[in-house]
Structures are given as structure tokens and as C-alpha cells.
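Undergrad: Using the sequences provided together with the hints, build the complete structure.
Which chain is which? The protein sequence lines are L, D, S and U, in order.
If you count the first sequence from 1, position 10 lands on 10 in full-length UniProt numbering, and the numbers rise without skipping.
If you count the second sequence from 1, position 250 lands on 250 in full-length UniProt numbering, and the numbers rise without skipping.
If you count the third sequence from 1, position 335 lands on 335 in full-length UniProt numbering, and the numbers rise without skipping.
If you count the fourth sequence from 1, position 35 lands on 35 in full-length UniProt numbering, and the numbers rise without skipping.
Calculated from the structure, these hints are not laboratory results.
Hints may be right or wrong, so weigh each one.
What the hints assert, rightly or not - Each computed PhoX-like pair below joins lysine-lysine, with the alpha-carbon atoms no more than 25 Å apart:
| hint | chain 1 | residue 1 | chain 2 | residue 2 |
| --- | --- | --- | --- | --- |
| 1 | U | Lys75 | S | Lys407 |
| 2 | U | Lys75 | S | Lys222 |
| 3 | L | Lys407 | D | Lys251 |
| 4 | U | Lys75 | S | Lys350 |
| 5 | S | Lys257 | U | Lys350 |
There are 4 protein chains.
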Amino acid sequence: MRVKDVKKVVLAYSGGLDTSVILKWLQTTYQCEVVTFTADLGQGEELGPARDKALLLGIKPENIFIDDLRETFVKDFVFPMFRANALYEGMYLLGTSIARPLIAQRQIEIAEMVGADAVAHGATGKGNDQVRFEIGYYALKPDVKVIAPWREWDLTSRTALIAFAEQHQIPIAKDKRGEAPFSVDANLLHSSSEGKILEEPWDAADEMVWQRTISPTDAPDKVTEITIEFEHGDAVGINGERLSPATLLTKLNALGKENGIGRLDLVENRFVGMKSRGCYETPGGTILYVAHRAMESITLDREACHLKDSLMPRYAEIIYNGFWFSPERRMLQALIDESQKSVTGTVRLKLYKGNTIVSGRKSPNSLYSMKHVTFEDDQGAYDQFDAQGFIKLNALRLRLGAMAGRKGGAL
Amino acid sequence: MRVKDVKKVVLAYSGGLDTSVILKWLQTTYQCEVVTFTADLGQGEELGPARDKALLLGIKPENIFIDDLRETFVKDFVFPMFRANALYEGMYLLGTSIARPLIAQRQIEIAEMVGADAVAHGATGKGNDQVRFEIGYYALKPDVKVIAPWREWDLTSRTALIAFAEQHQIPIAKDKRGEAPFSVDANLLHSSSEGKILEEPWDAADEMVWQRTISPTDAPDKVTEITIEFEHGDAVGINGERLSPATLLTKLNALGKENGIGRLDLVENRFVGMKSRGCYETPGGTILYVAHRAMESITLDREACHLKDSLMPRYAEIIYNGFWFSPERRMLQALIDESQKSVTGTVRLKLYKGNTIVSGRKSPNSLYSMKHVTFEDDQGAYDQFDAQGFIKLNALRLRLGAMAGRKGGAL
Amino acid sequence: MRVKDVKKVVLAYSGGLDTSVILKWLQTTYQCEVVTFTADLGQGEELGPARDKALLLGIKPENIFIDDLRETFVKDFVFPMFRANALYEGMYLLGTSIARPLIAQRQIEIAEMVGADAVAHGATGKGNDQVRFEIGYYALKPDVKVIAPWREWDLTSRTALIAFAEQHQIPIAKDKRGEAPFSVDANLLHSSSEGKILEEPWDAADEMVWQRTISPTDAPDKVTEITIEFEHGDAVGINGERLSPATLLTKLNALGKENGIGRLDLVENRFVGMKSRGCYETPGGTILYVAHRAMESITLDREACHLKDSLMPRYAEIIYNGFWFSPERRMLQALIDESQKSVTGTVRLKLYKGNTIVSGRKSPNSLYSMKHVTFEDDQGAYDQFDAQGFIKLNALRLRLGAMAGRKGGAL
Amino acid sequence: MRVKDVKKVVLAYSGGLDTSVILKWLQTTYQCEVVTFTADLGQGEELGPARDKALLLGIKPENIFIDDLRETFVKDFVFPMFRANALYEGMYLLGTSIARPLIAQRQIEIAEMVGADAVAHGATGKGNDQVRFEIGYYALKPDVKVIAPWREWDLTSRTALIAFAEQHQIPIAKDKRGEAPFSVDANLLHSSSEGKILEEPWDAADEMVWQRTISPTDAPDKVTEITIEFEHGDAVGINGERLSPATLLTKLNALGKENGIGRLDLVENRFVGMKSRGCYETPGGTILYVAHRAMESITLDREACHLKDSLMPRYAEIIYNGFWFSPERRMLQALIDESQKSVTGTVRLKLYKGNTIVSGRKSPNSLYSMKHVTFEDDQGAYDQFDAQGFIKLNALRLRLGAMAGRKGGAL
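TA: Quick look at the structure:
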């Protein structure tokens, strides 16, 4: 079911071979005007070449959009998500998932600006990213036409793709002629690798897969101690120095990288129904996750903490599945943000060969009461007799059950 | 509200100074017969001295019960809990919490056997353990009388305690005269330290606090690779060698210890309403947790996994709060156990200086399908066109919302 | 994407005009052998004519399957679901949803028996039923070919359908020539009406829509009192008479019908992404729902009840969406069934003009304790002093919060 | 553990015999100044006599506080709760629970105003209300001293209470000398009856128990049709007439009462651990609940609705247990309120002999799309082919499971 009568399409364009082929393919297949959008989300690539290449491929200068979205990415997407301590399937910090809605959002903004009726992306038909992009598109512009070349074209082999590129004078870097041994996605939060040599889940990942971190075994044999400062649930500084969101995450990435922190080799469940194996590197995010939990540990009420924890898997699943722009994510975000008002203070960490170790936490809003918890005399702050009534009424239903023959909580 | 007319009491007796004082105090206060129960849960202490000391304090031989519960502990308590990947407040593997119900259960069994009408324990009035013991007692024997000396007596200072001991000829080891710098609880799953020098959450824990693990910085600078074999969700072997539950956990503890694995410095929320700081060591349990998640990653259906994950915080809270013997824990256990039928296979891990790194997983029941996930030609296993319909119907409600003016999932 | 090379297809065949047209269309389109499967799920129609019509349309006698599945339906599908008190979106008793997996299951059994490679159903492309059928098919026979004529053919108008029928000598009942004013689905649990004259949600449903119940206004102006007996969560008798599952539900349906009980006019959210309006009649099911809750109210532990309640929406959604045959439904069922062991006893109800009123409940397993709850002297069963400690420790975290400046549970 | 050194206490004072005895008992027991607080929450009693009686019992005029809190009650407590469709244990509209935090709040405000160090209430030691009052007190004023006479004094029989009243010249209404056959609590939302003649859950409630509604059997044999208008989740008018919150609820109560709507005979689980039986009347609230759900049915996104539904049991439990002033209630409220932005429009209802029947709903924000749902030709709004891909990818994990030998969603 291809869309029809496309007039102008905004393409998420990296400047690489694949999206350059897509660019040409869109022109030739749909006979439509192509607008390119290239974003810097901290993937670590120059954007200049993308502009040059777009020009070379015949895109009009006014149809080339290049944006540095790093601060927006961290401030409005990464940080809100980290307030939730989001982990998909108990492990994954959602580094790829969280970048997609921002790209979709900006693509639609550009489409509205330039009067485009369609958008296109370079995600494959088996992955989650197509879902994340397209859910975003539809939620923001319900009448948009969506083109997903990888689901539509017949360039299904590397050979066919290269042939198409040659036929259309698309420059091909030497190292792009062959097949990459695995596929990579990267942004300021993380880098992911999957496919090809990583497909067998029993085989250990080759060291060359890891690009953002050095191995714990290669990391320096000394402890690096840092502090992270938080305000209302967001990190605002490192070692007492106040930093913008993207600057802060960049610095944490450097710290994580050199200490071998943030690697994850995972088999996960995709929204489209299959399992896949990914190797993720989230150096700064891993440190941030540990620090944020520690910050909450002294500033968050128990039930607030437990309520958040009980909803976290659902929140993570929503983001993983691509529903950032949805009522349910917004509702959960309202709940989470409400909880972060007093999550302010400082956490001290030791970074060492893959480990992120909490060694201290303090806050002007601390709920930790030395007076109550102390093994020393608490001067009446806590009446131990209260515990008896507390226990007895908590046990009452179980006692009534046991008296009725249901011992040990039997049903 | 002290209980009255106690005839015979079963005391959870460690053989240490505190429970020896309790023993004497029970005799003098309640004028009742005292039965001692000492369990080996892998805390790493000899049980012989406990028997000698009980005899010395006048307990009749037939009133001294000493049990090796290590296999029961791991098989019927630790393993069922690990099937759930239980973490309290995102971090804590519940090492203390899970031991209490077994002690309570055995204490009540002995009480029934010897015709005792009361039970007593040595937990303080500020902690969680009193709740865990007593909820267990009441659930198993609803008419039992419960004595919690620390909530009742006036031996509230170390001096008073020592004086009472001396007055009653209770032997006092030299190093027990002074105050311990922190309080310790241990069993085969973990060791916890808290109180005194650990009370200030900004102060880093002193190295002497850690007793079950060497520091990551002191661990050998080489990777130890192991495999763990699972059947139906439980670990059954290491490196291909089949082991009993307690033997297996003992071996994992040794592996974890020497590789600096399993330390946790945490501020947590107690059921009795205050925050407390604990330093936990769960060397084998930490390895087991990571391995079990990896085993599930290829054998568990996505929604089964997500359902488990969404209920895990509640399950962990139930155990933390002391409700092991409750209908709600049994119901959740039924759900969890149902999920583990095919969680069988092998996980390969690298242990290195505090890190537990998954490097492979395989299973006869694997749901991971190379044919579907491959970047290579899948020969029709997966039709990429299906993704379009999948996305469009998943997006339909958001499109309808956007058409009604609620763009981007607005409410 | 039509399936190809179909050899033999099992069609869910009602004997009505639409599925007769499908039957013929399958023969002509796929040139394949057609096997018909007609089930009695209590929809209230004779099955004899279905056989005659199938024969008339050229189906070989050995390819005609007619089964009375009423007892299986109630025992293995309706009752397990009612143990959960399942309501979709707070209101809907899932009468259509719960019948689909049984039809799918039997269709696949027949396919395996006769060596068919395909199955077909008569559900439309906009509804939930196509999902429920097909999810069931795929879960039970992953390589099955699925044919959904309403999504495939071009008989999209009534005129075209009638023309096709005439062309192929399919008998057309007089009242089937025109368009029905709404569409109906029925089984022993319920009857649903939707579409056409019901599409405008502001318009009240016409009285002719309701077919299984008389109007509350027309019901007799006198109270009918009944008792329902339960064992382990399932109804087993009415007024002391033991009845088989289907007989019992049939009798409850009669009682509900004549007392105007069980009508629901609802706008609901379909799994395929749109809202729809349905008029449902579940006379017996409504009575059963109220009675089951009342039975649980005295036999179920509080936390068991709350845990069930918290999972009910998820369970109902799973069934509504068509995932009866799924790991997550099985896991939740294990939890629910575990809870029902003691849900045994008797509930007394008053039925009156649309109302189902609980007037008494009793059980040999009752957890209701007169001794504890009484306003009279309870002779020490409950110590009111315990409440003080209970409250104080429950309030402790809030007091600590308020002392830290967060009054009234502020964050 | 009685509190000590009370200087001034604010008593929640109804003017009835019991709280008058408490008033005197506080004076004599604590030798402290007593401040009375009497609130009109719509319980249906004159407040003038309470003032007279307080004066008679020696309370200084400046220590007598009488407030009409009806509008606050409905606007800030009842309406926020109804946004959540809160039902405790699937049935109970929380009429008593929701009034307690407001009383506690106002009592503490007065305590702060008059410089009182203590508060007192007349709730018994077995019920939930003591918890609700005291949790509120502590959360709002953590250092407050709480006096709960029913847990403390020895006036445990009616005879003793009357004797104390006579001894202290407290006037006793004739009908208060004997024991009431059951206990009543009432406010604008509901009336509850429990205890004494209601204690046996098998016995039907006597008709005299019901005070706020006529019996369905006595209600007029004609349908009353009304509309309710909503804005952002709150009811704002009836039959097109805009009404203040309390006026609106008062009018709904009258409509419910005369049509026999809102009775509930329930066995519920108390927070203090026992089951109790209550007879509740919530005439207006029952109508409001049904209408609000219907309003949401066309204005709320599916996942927003399901998320709310999945959290509702927890929200209801929080309120039932007395934690209105808690972080967790505030967080959930933020989520719920976020969802209500577009819940605006009109619902039409038929009231008839106990039934509240939805007969229409409309909204300027409706998400119901005739174009998509129609059985008629939808002119391309919905592509039925999309359903195939939707189903196939939703089924993929189950197919993979079945291929691995786990047919039918087996684990």
C-alpha cells in the first residue's frame, strides 16, 4: 500500500550512503521534491558533509535543514525519562528509543514549515525505530503521508543498493562497499550495535563492537571520585560546576568511557514481536541512573518511591514502543514530575573499572532522620511500643485467616 | 502490653551475648521454660558453641534445637524469590528479609512440637525484622504469644546489658564488652551492616564494613569466566557441574567474593516508616540475579516478561515488609512459577572486579529466532509489509486524537 | 497479501447468508476444499439448518462439523473469566470476547484432524473479532493460513453480496435481502448489537435492539429472591439445586431476562484503534458478577482481593484484545485460580426491575469475624491500643515529611 | 500511652451525646481548654444546637467554631475523587472516607489559629475513621498531640457513658438513652450504617436502615430523564442549568433518592485488618459515577482510560486507608487530573427504580469517529488491509512460541 501523489517529502537524512540512496529513490520513485533534515543529537559525526552531499544530490539549499538538537534532546527527552529511572526489561536505558520522537517532532515541524505532505525515514521493516518514527509522525500530523523505503523498495541486497548508488552517481566511501559487520546507532545518550556478527546470542560480542567505552579490563586501575548535583530530579552539575544538560551528559560520557562504564549485552523483546540482541553503551547515562536513584533515596517518600517503581516498567515500555507523544506517557510524566519537586542535593560516586559506586548522598530536603534511625538513644523520637500495635494490626487478617484454617497465609 | 502467663517459650537463639541475655531475661521475667532454636542459614558461624552456651545457661538438652536449614533456605525461599528477579527499591536483593520467614516457620514448628505457647526473638523495635518474625508467627500460629524483649525491657544501654550479663553469669567475650561499631546480619545469601558508624549517609562506608567480599580494587586483574545452568527458573549447576541449591549458592558466593562482586551501599525505606542506611554484600546472589535475567531473556515470552516486571516491585515489597506467609505472596508466586516452566538453559558470564558481564546465553527452549531477526535475507519468515498495518492501527487512536485537536498525544 | 495455494480450509460457519456467501467465495476464489464448522455456544439458533445448507452448497458430509460446545464454553472460558470479576473499561462483561478463542480452538482442532492448511472466519476488518480469531489460530497452529474474506473481497456493499448469492444459488431468507438495522452477535453469555442505527452515540438505543432481556420498565413489579451456591470461585447451584455450568447460566439468563437485568449501552475502545458503540445484554452474567463479588467479600483475604482487583483491568484487556491463548493470560489465571480455593458458600440476591441486590452471604470458609467487628464487648479479641501504634507508624513517614517542610503529604 | 501535658485541644464536635461526653471527659481528664469544631458537610443536621450545647458545657464563645464546608467538600474532595472513578473493592464509592481528611484539615487549621497543641475525635478504636483522622492530623501538623477517647477511656458500655453524662449534667435526648440499633455516618455524598443489627452478613438489612433513599420497589414507576453537563472531568450542570458543586450534588441526591438509586449492602475489608458489613447510600454519587464514565467513554483516549483504570484500585485504597494527604495520592491525582482536560460534554441518563441508565453522550471533544466505525462505506478512512499486518505482528511472538513447542500461549 504505497502512498500516492506525494508532492514534497521531508527525509531524515544522515548524509550516509543508505539515506543518500533513499533520497535518490524518493526522487525517482515519487517524482517529488525532497527536503533533507539532519540533526546533531550527539551521534559524533560532522554535519557539514551531510549538507555538501545533499547539495551534490540536487537538493535546493532552502530545502536543507541542519539542526543542533543536543540541548533539547537532553533537557526535554533524556532528563524527563531519567526522572523515572526507566529501564526496559530491567536493563536497557532506552538510548535509541528516546531519540526517535525528537527527530520525528522536528521532521514534522519542518514539514509544516515547508508545506510538505510526506515524511520518510531510513529505518528497516523489522525494527522498533520505524514504529517510533511513524507513531510520532501520525500523532503530530495525522494526515501526513509516510514513506518507509526499506519496507517498499526492492533494494534488498547490498549489491542492489550499491548498484543503485553507482547508477545515480551517489558517492560511496570505500569502507561502505562491503557489508558492515554490524549496524550502529548513536546519539549523546548512547551507542547501540546489532545484527550480523551479533546475531548469535551465545557468541560473545567482539571487542570491536564497543565504540563508546573502553573495556573495564583496560580502564585505569584507580578510583575516580565525583559528585553530581541535582535539582528537582535533574542533574545540574558535576563536582560543583554547574553545566547545561548536554554539556553535563557529554562530561559524564567522558568519565564513563574512560572508566569502562555502561556496557550492556542484551537480548530484548521488540515491539514488532521478535527477540533481538543488542550491544549498548550508555556511559554517562549509567552513571546518571545510579546517581539519580541515590538522590531519590534520601529525598523521596517511601510510597512515592514505590509508586514510581511500580509504574516504571509501563513507562519504559511506552517509550520503547514509540509512544512518547501519547496521552499515557504524558499522564505518567505528570505523576513522575510531581514526585521530583524535592529531589535536590548531591551524590558522591566512585567510578572504577566498570563500577559506579555510591559513597555518599546529602540534601537540604533529606527525609533521612538520624534521630529516628539511630541505634543510640533517640530521646523519645520513636516509641518502640508503637511497633507492637503496628505489627498486630498488620497481622490481624492473617491471624483471622489462620484461625479459619488457612495457616501461613494459605488461600 | 506485655503478654501474660507464658509457660514455655521458643527463643531464636544465636548463642551470642544479646540472645543469651534475652534467654536469661525471659527466665527471670516470665518464670517460664525456655526452648532455644539455633539455625544454620549459612551465617558462617559454628553452631556447637550455641549448644554449649545454652546448656551452660540451664537449658535442658531436650529443649535445645539446632538445625542446618541451608538447603531449605536456598531451595524454598531464595530460589522462588530469585525467579521473580526481586529487587527492593530497584537495588536491594532482600538478603535479610528472605531469611526471617524460615526462622519464624521453624520456630513455630518447634513450638507446636514441644507445646510452647510463646516465641521470642532478638530483633529491635525500630527495624523490619521484628515485623518479619512476628507476621510469620501470627500467620502460622494465630494464638501464639510473642515476646520482643528489645521492645519491652529496660536494658537499653550497653552498660545495662553487660551488667545484666555479669549479674547472671553469662560469659562475655572480650570483644563484646564494648559497643560494636555497626550491627551485622548474615546468612548464605548475604551479609548486611548498619547502624553506628554507618548512620551518616554522606560518609563513605569504611572498608572494614565489608566482610563477605574483597574490594573491586583488590580483586584480581583477570576475568573469570563461568557458566550457570538453569532448569525451570532455578540454577542447577555451575560450569556444567550439577550442584544442590545451597552448594551452588556457596560456590557463587566464593566466586563473587574473590571478584569483588555484590556490594551495595543503600539508603532504603523501612516498613516501620523511617529511612535507614545499609551496606549489603550479596556476592553469589548478584551473579545469580544477572544470570537469571539473561536466561529469561531468550526463554520468556515478551508479555510474560513484562507482566513479571510490572509485578516485581509489589512482590519485593511484600517480602521486604515480612508478608512471605500471605495470600498475596502465594498468588504472585503462582503467577511467577507458571512463567518459569521453560526458563532452562545456560548463561555464560565474565566476572571481573565488581562486574558481572553476560557474554552468552543458549537454551533448548529459546524463543530467539535467527530466521526472523536476521539482517540477511529471511526467506519470507517475516513480511515487512505487515509492519505498516501494525503501525497504522497502533497509531489510529493518536491520529483520531490529533484530528480532534489533540496533537502529539495531548489530552 | 492474500495467502496462496490453499488446499483445504475450515470455515467458521453459522449457516446464515454471510457465511454461506463466504463458503462459496472460498470455493471459487481459492479452488479449495471447504470444511464447515458450526458451534452451538448458546446463540439460540438451531444447528440443523446449518447442516442442510452446507450440504446444499456442496460440502461433503464428512466435511461438516457441528458441535454443542455450551458446557465447555461456560466451564472452561466463562467461569475462569468470572473468577477474575473481569470488566472491560469498568463496565463490559466481555461476552463476545470470551467466545472467540473457543471457536478458534475448535476450528484448529478440526483443521488438524482433517489435514486442512487454512482457516477462515466471517468477521469484518474493522472489529475486534478478527483479531481474537486470528490470534487464537496463530497461537495454536503457527503455520496456519488465515483467510478473512471481509478484508479481501470486493463484496463491500449489500447489493454486491446479494448478487453474488443469487449468482451462486445461495438461498436468501426474505428478511435478509435488505440491510439489517444493526448487527448482532450472541452466545450463552450475552448478546451484542452494534452498527447502523446505533452508530450515533447521542441517540438512545431503540427498544427493538434489546433481544435477550425485557425492559426494566416492563419487568414484573415484584422481587424475585434467589440463592447462588459457589465452590472454589465457580457457581455450582441455584436455590440449592446443583446445576451443570451451562444449565446454570441458562437458568440465570432466564431469571435476568424476566427481571430486566443486564443491559448495557456503551461506547468502548476497540483494540484496532477506534471507539465503537455497543448495546450488550448479559442477564445471567450480570447476576453472576454481583454474586461472585459478594461471595468473595467474606471468603477472600483483603490483600488477595486488592491484588486481584489491581490486575483485573489488565486481565480484561488481554481477553478483550484476543490474547486468551497467551502466556500472560495463563500467568494471571494461575494467580486468580490460586485465590479462589476458599471462595465457597452461598449468596442471596433480590432481582427486581434491572436491579441485582445482595441481601446475604455465608460461607464455611468465612473470614468475617463477628467477634472482632462487633460494637458489643469483644472479650479481648481486639486490643484497641494496638490501633495507636498502627496509626503512628503508618503516619511516621508523613510526619518526617512534614517536619522537613512538606506538610500535608506535599512532595 | 496517653499524651501528656495537653494545654488546648480542638475537638471534632457534632453536638450529639457521644462527643458531648468526650468534651467533658477531655476537660476532666486532661484539665485542658477545649475548642469545639463543628462542620456542615451536608450530614443533614442543624448546627445551631451544637453551638448551644457547647456553650452549655462551658466552652467559651471564641472557642466554638462552626463552618459550612459543603462547597469545599464537593469541589476539592468529592470531585477530584470522582475524576478517578474510584471504587473501593469494586463497589464502594468512599463516601465516609473522603470526608475525613477535610475535617482533619480544618481541625488543624483551627489548632494553628488558636494555638492548640492537641486534637481529638470521636471515632472508635476498631474502625477506619480513627486512622483517617489521625493520618491527616500528623501529615499536617507533625508535632500535634492526638487524643482518641474511645481508645483510652473506660466508658466502654452504654450504661457507663450515660452515667458519666448524668454525672456531668450533659443533656440526654430521650431516644439516646438506649442503644441505637446501628451506627450512622452521613455527609453530602452519602450515608452509611453499620454495627449491631447489621453485624450478621447473612441477614438482610432491615428497611429502616436506609435513610437517604426510598426503596426501588417504592420508587415511582416512571422514567426520569436528565442530562448532566461536564467540564474537564467535573459535573457543572444538570438539565442545562449551571450549578455550584454542592448544589449540584444536592440535586443529584434528590433525584437519586426519589428513584431508589445508590443503595449498597457490602462486606468490606478494613485497613485495621478485619472485615465489616456496611449499608451505604450514595444516591447522587452513584448517578455521578455512571455519568462520568459515560462522559469519558467518548472523550478519553483508550490508553489514558486503561491507565486510569489500572491505577484506580490503588487510588481508592489510598483514600479508604486515610492517606489523602500523602505524596502518593498527590502523584496519582496529578496523573488523573492531566487526563481530564478534554472530559467535557453532556451525558443523558434515565433514572428508574434503582437503575441509572446511560442513553446518550456528546462532546465537542469527542474522539468517537462515525467515519471510522461505520458499517457503511467509510470512503477510505480506514484501510482494512492494515488489520492483517496489525494482527500478524501482534501474533508473531505467539507463533514463535508455538513453533518452539509452546502451543496456545503455553509457558
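Undergrad: Now look at each hint and say whether the structure bears it out.
TA: Do the hints match the structure? See the list:
no., hint, verdict
1, U:Lys75 <-> S:Lys407, "holds, 21 Å"
2, U:Lys75 <-> S:Lys222, "violated, 39 Å"
3, L:Lys407 <-> D:Lys251, "violated, 35 Å"
4, U:Lys75 <-> S:Lys350, "violated, 36 Å"
5, S:Lys257 <-> U:Lys350, "holds, 19 Å"
The structure is inconsistent with the numbered hints 2, 3, 4, although it conforms to all the rest.
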